[in-house]
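**Q** Numbering (the working numbering), first residue to last: 3 to 90.
Everything labelled a hint here was simulated from the structure, so no lab data went into it.
Note that beta-carbon positions come from the ideal geometry of N, C-alpha and C, so glycine has one too.
Just to be clear, a hint being listed does not mean it is correct.
What the hints assert, rightly or not - Per label pair, the in silico range of CB-to-CB distance: (1) L18 - N71: 33 to 41 Å; (2) T88 - L63: 21 to 29 Å; (3) A28 - N71: 34 to 42 Å; (4) R77 - E26: 29 to 37 Å; (5) V58 - D78: 29 to 37 Å; (6) L18 - R43: 20 to 28 Å; (7) Y84 - S15: 23 to 31 Å; (8) V58 - T83: 36 to 44 Å; (9) H67 - E22: 36 to 44 Å; (10) P74 - G20: 39 to 47 Å; (11) N9 - K51: 23 to 31 Å; (12) K21 - A85: 42 to 50 Å.
To be verified - With a Cα cut of at most 30 Å, we get these calculated DSSO-like pairs of lysine-lysine: (13) K51 - K40; (14) K40 - K68; (15) K51 - K21.
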Amino acid sequence: MARAGENLFYVASADLVGKELTMEFAGCSLIIGPCYPKLSRIYAGPASKEVEEMLVATLDLAGVHKVRNIIPVFRDRRPETYAPLTSK
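Construct the complete structure from the given sequences, taking the supplied hints into account.
**A** Structural data, given as structure tokens:
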């Protein structure tokens, strides 16, 4: 949730539920995103720990742009410093 709030973008976190062989899965998938004046909020979920569920959320992309104008999280971003790493 912290990354969604800090960077003002949406995150969909999905996990399996139940048991498979010797592994037990946590479930609790969710969709989170930015929400002014809070840093983030849950848009859908958390899903069940025991049964499969599908989460659906309407994402307000225009709202993200409004919040990014209020809280300029990318103002100090310097992509030229890591461009050599991303150009491969």
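**Q** Taken at face value, is the distance from the CA of K40 to the CA of K51 at most 30 Å?
**A** Answer holds: K51 to K40 is near 27 Å, not above 30 Å.
**Q** For R77 and E26, compare the CB-CB distance with the range 29 to 37 Å and indicate the outcome.
**A** The hinted range 29 to 37 Å is violated for R77 and E26, with Cβ atoms some 43 Å apart.
**Q** Taking 30 Å as the top limit, are the C-alpha atoms of K51 and K21 close enough?
**A** Within the cut-off at roughly 10 Å; holds.
**Q** Starting from K40, check that the Cα of K68 is at most 30 Å away, please.
**A** holds, 14 Å
**Q** Would you say the C-beta atoms of T88 and L63 sit inside 21 to 29 Å of each other?
**A** holds, 23 Å
**Q** Starting from the hint 34 to 42 Å, judge whether the C-beta atoms of A28 and N71 obey it.
**A** Holds - the Cβ-Cβ distance for A28 and N71, about 36 Å, lies within 34 to 42 Å.
**Q** So does V58 sit 36 to 44 Å from T83, Cβ to Cβ?
**A** holds, 38 Å
**Q** Taking the beta carbons of Y84 and S15, is their distance inside 23 to 31 Å?
**A** Once the Cβ atoms are compared, 25 Å apart, the range 23 to 31 Å for S15 and Y84 holds.
**Q** Could you tell me whether the CB distance from V58 to D78 stays inside 29 to 37 Å?
**A** holds, 35 Å
**Q** Assuming the hint says 33 to 41 Å, is it satisfied by the Cβ distance from L18 to N71 or not?
**A** holds, 38 Å
**Q** Mind checking the hinted window 23 to 31 Å against the Cβ distance between N9 and K51?
**A** holds, 28 Å
**Q** Do the Cβ positions of L18 and R43 conform to the proposed distance bound of 20 to 28 Å?
**A** About 25 Å separates the Cβ atoms of L18 and R43, which means 20 to 28 Å holds.
Comparing the model with each numbered hint stated earlier shows that hint 4 is the single one that does not hold.
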